[in-house]
Amino acid sequence: MIDLEHVLVVAALLFSIGIYVALSRRNAVGILMGIELMLNSVNLNLVAFARFVESPRPIDGQVFSVFVITIAAAEAAVALALAVAIYKLRQSIDVDRMNLLKW
Amino acid sequence: MDDTAVVVAFYVLAAITLLSALMVGMVRDLIHAVLFLILSFIGVAGLYITLSADFVAVVQVLIYAGAISVLMLFAILLTPRSGRDNAGVSYSAPISVIAGLVGATIVFVALKTEWAKVDEDRFDTTAAAIGEALLDPFVLPFEVASVVLMVAMIGAIILVRPSEGEES
Amino acid sequence: MIPLIAAWYDFDPFRELYDWLRDNTWDELVYVVIAVVGATGILSFVGLGALANVWLERRIIGRIQVRRGPNRVGPFGLFQPVADAIKLIQKEVLQPSASDAKLYNLPPILVFIPAMLTFAVFAWAPDMVYADLNVGVLYLLALSSITSLAIFMAGWASNNKYALLGAMRVIAMAISYEIPLVMALLAPVLFAGTMSIPGLIDFQKEHDIWLAFLLPLPVFIYAIAATAELNRTPADIAEAESEIVAGFHTEYSGMKFGLFYAVELINSLAVSGIMASLFFGGYSLFGIEEYIPPWIIFIGKIYFFYFGLIWLRGTWPRLRIDQLMAFAWKMLIPLALINVVIVAIEVLLWRELELTDWVLAAYVAINAVLAIGLFAFFFRIITRDYYRLPRRVRLEHDVSVPSLPAPPSLALSQPGTGVGEA
Numbered sequence: 001m002i003d004l005e006h007v008l009v010v011a012a013l014l015f016s017i018g019i020y021v022a023l024s025r026r027n028a029v030g031i032l033m034g035i036e037l038m039l040n041s042v043n044l045n046l047v048a049f050a051r052f053v054e055s056p057r058p059i060d061g062q063v064f065s066v067f068v069i070t071i072a073a074a075e076a077a078v079a080l081a082l083a084v085a086i087y088k089l090r091q092s093i094d095v096d097r098m099n100l101l102k103w
Numbered sequence: 104m105d106d107t108a109v110v111v112a113f114y115v116l117a118a119i120t121l122l123s124a125l126m127v128g129m130v131r132d133l134i135h136a137v138l139f140l141i142l143s144f145i146g147v148a149g150l151y152i153t154l155s156a157d158f159v160a161v162v163q164v165l166i167y168a169g170a171i172s173v174l175m176l177f178a179i180l181l182t183p184r185s186g187r188d189n190a191g192v193s194y195s196a197p198i199s200v201i202a203g204l205v206g207a208t209i210v211f212v213a214l215k216t217e218w219a220k221v222d223e224d225r226f227d228t229t230a231a232a233i234g235e236a237l238l239d240p241f242v243l244p245f246e247v248a249s250v251v252l253m254v255a256m257i258g259a260i261i262l263v264r265p266s267e268g269e270e271s
Numbered sequence: 272m273i274p275l276i277a278a279w280y281d282f283d284p285f286r287e288l289y290d291w292l293r294d295n296t297w298d299e300l301v302y303v304v305i306a307v308v309g310a311t312g313i314l315s316f317v318g319l320g321a322l323a324n325v326w327l328e329r330r331i332i333g334r335i336q337v338r339r340g341p342n343r344v345g346p347f348g349l350f351q352p353v354a355d356a357i358k359l360i361q362k363e364v365l366q367p368s369a370s371d372a373k374l375y376n377l378p379p380i381l382v383f384i385p386a387m388l389t390f391a392v393f394a395w396a397p398d399m400v401y402a403d404l405n406v407g408v409l410y411l412l413a414l415s416s417i418t419s420l421a422i423f424m425a426g427w428a429s430n431n432k433y434a435l436l437g438a439m440r441v442i443a444m445a446i447s448y449e450i451p452l453v454m455a456l457l458a459p460v461l462f463a464g465t466m467s468i469p470g471l472i473d474f475q476k477e478h479d480i481w482l483a484f485l486l487p488l489p490v491f492i493y494a495i496a497a498t499a500e501l502n503r504t505p506a507d508i509a510e511a512e513s514e515i516v517a518g519f520h521t522e523y524s525g526m527k528f529g530l531f532y533a534v535e536l537i538n539s540l541a542v543s544g545i546m547a548s549l550f551f552g553g554y555s556l557f558g559i560e561e562y563i564p565p566w567i568i569f570i571g572k573i574y575f576f577y578f579g580l581i582w583l584r585g586t587w588p589r590l591r592i593d594q595l596m597a598f599a600w601k602m603l604i605p606l607a608l609i610n611v612v613i614v615a616i617e618v619l620l621w622r623e624l625e626l627t628d629w630v631l632a633a634y635v636a637i638n639a640v641l642a643i644g645l646f647a648f649f650f651r652i653i654t655r656d657y658y659r660l661p662r663r664v665r666l667e668h669d670v671s672v673p674s675l676p677a678p679p680s681l682a683l684s685q686p687g688t689g690v691g692e693a
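Residue numbers (the numbering used here), protein chains in the order written: chain B, 1 to 103; chain R, 104 to 271; chain Z, 272 to 693.
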């Protein structure tokens, strides 16, 4: 039997892995990968609630997760464009070296 | 959801997703990390299907595994070879502790709350229901999302465009 | 649950086996048996199709190029695919030592998976669908976006800059042509109101009209976009044999290359199948499907469109990558967008005002006129620069450059053409 708690636990584990990846990388694309993992876990939560929890309009969870996917796509595009632009300017995408506000 | 096949599929897919997410954090080469990320996306799409969300599952494969992954691969290829070391982690011990604490808190709250659960499978075709929801209650977020996508596209193009007077 | 899924009992022995199994054993066993039998049927069609396609392609392209195709290995060269397979299997397996070892062996297998999965949603007969998904059309689109990832992996793992260049070209073209592909496939979904493929075929049977007549522009857009997604000529810049060695499969020898080639053929069959199901009625042929088994009609239509793809390959020259990208972004995407708007208006009028089915005939005429008009308009816009290019400079009418000496006069020129005056 798959119950709501099982899915929530899986999503929570995915979220914590996402936090670890996002906070501990030095590479900008690595940080983005962690953020995408976190967004995926949030989507999983939303879809699980849409499936298991009583609500006046049960499709809302899935609609919300479609919006999250859309915004994640937009954010990934801008983040990667930023990474490429920073590389052209500073010849590196090591975020530990981007520690000056103005150069 | 007490079909044995669905239960087995759920556990297998959850294992695939979590293991590949762990490997994202642990492999040395950044391109291998992106490929494990794609595997975790597909695992999450499989989990959606076990939760009767067929439209969201296919959209997840189409957009995450098909488009965002390609974006990440292109960005990695346009940036230096020396920066492709995924093993360069900083402060990994404190961050693992923080991540573990956050995960434990969420799991504790999830298991302790009394959710108002409904047990039947309510969705016949989710695509039609999502379409109607996007046009009636959620039409404003729908339009705003299209504006956000256009702004992101224009912003990304402007960020990587060669500046004036520079040969591309 | 069971009657709704794969009802493969269209054949009488299968029907008896199914009835016996359902009465005497558990439901799960029936499900597993149906799944296995159905999968075997589909995979055997795919495998035999790949073999037959090798022969078909080489013979037909040979005839188009005014030569016979292979004709030595059997009667009419029919065993040529077997000879090809044996040749590829016995080749030495060369793996570049600098290649990414873990990633090198995966792509030939990974490109196979989406190609096979595409055939699961086709409707071969009224109750012969392996997986009647509610989002069938979207599922097909998602699979084509996974194929490009496997090709990138192949190009990357080879550690060869030409292979990587070929892989980047493939991905750039794939993502550019995905947009008009999605919008072209949106039009029949709008008309039928459902994304499931049996639903679309039911719509075409119920209104007795093929969606290709209603929607000529999406058919055209889909044909071109699918050719580009398949990396077939005229859009095969990714594996252009004369240009970048062999593109993303340069470093793959023997049967691995054979797998890539076979996947290209299977994908061509899949694309022909999608075109036949969505636009040309699938297994239905205006009522003849009661006398001829519908799956024979469907396979016939698949091979008809596959013949069209081979014809395209044999006749058209290869386009350059910038020509292909310009074509996708400047012509197909605006055409597809305008087409979606027009189709949406038509469907709205048809359903809201509850007009009769005679309005479909009017739509056929309107859409045909609009398709030709829009296509001519955009074609004119894209080729506008061509008419403004300066005339090609010829040797006799040289532009005078002060720093260079006068061009030599040619002995072959006729008097009065102005040679020697510059």
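Rather than coming from a laboratory, the hints here were simulated on the basis of the structure. A hint or two may mislead.
[To be verified] Calculated pairs, DSSO-like style, for lysine-lysine (alpha carbon to alpha carbon, straight line, at most 30 Å):
1) Z:601 / B:88
2) Z:358 / Z:432
3) Z:362 / Z:373
4) Z:432 / Z:362
5) Z:358 / B:88
6) Z:358 / Z:373
[To be verified] Restraint ranges, calculated between C-beta atoms of paired labels, are given here:
7) Z:360 / B:57: 54 to 60 Å
8) B:85 / R:252: 30 to 36 Å
9) Z:616 / B:53: 51 to 57 Å
10) R:246 / Z:601: 40 to 46 Å
11) Z:592 / R:231: 25 to 31 Å
12) Z:561 / B:56: 43 to 49 Å
Note that beta-carbon positions come from the ideal geometry of N, C-alpha and C, so glycine has one too.
Evaluated hints:
| no. | hint | verdict |
| --- | --- | --- |
| 1 | Z:601 / B:88 | 29 Å, holds |
| 2 | Z:358 / Z:432 | 28 Å, holds |
| 3 | Z:362 / Z:373 | 22 Å, holds |
| 4 | Z:432 / Z:362 | 24 Å, holds |
| 5 | Z:358 / B:88 | 48 Å, violated |
| 6 | Z:358 / Z:373 | 26 Å, holds |
| 7 | Z:360 / B:57: 54 to 60 Å | 58 Å, holds |
| 8 | B:85 / R:252: 30 to 36 Å | 20 Å, violated |
| 9 | Z:616 / B:53: 51 to 57 Å | 39 Å, violated |
| 10 | R:246 / Z:601: 40 to 46 Å | 26 Å, violated |
| 11 | Z:592 / R:231: 25 to 31 Å | 40 Å, violated |
| 12 | Z:561 / B:56: 43 to 49 Å | 48 Å, holds |
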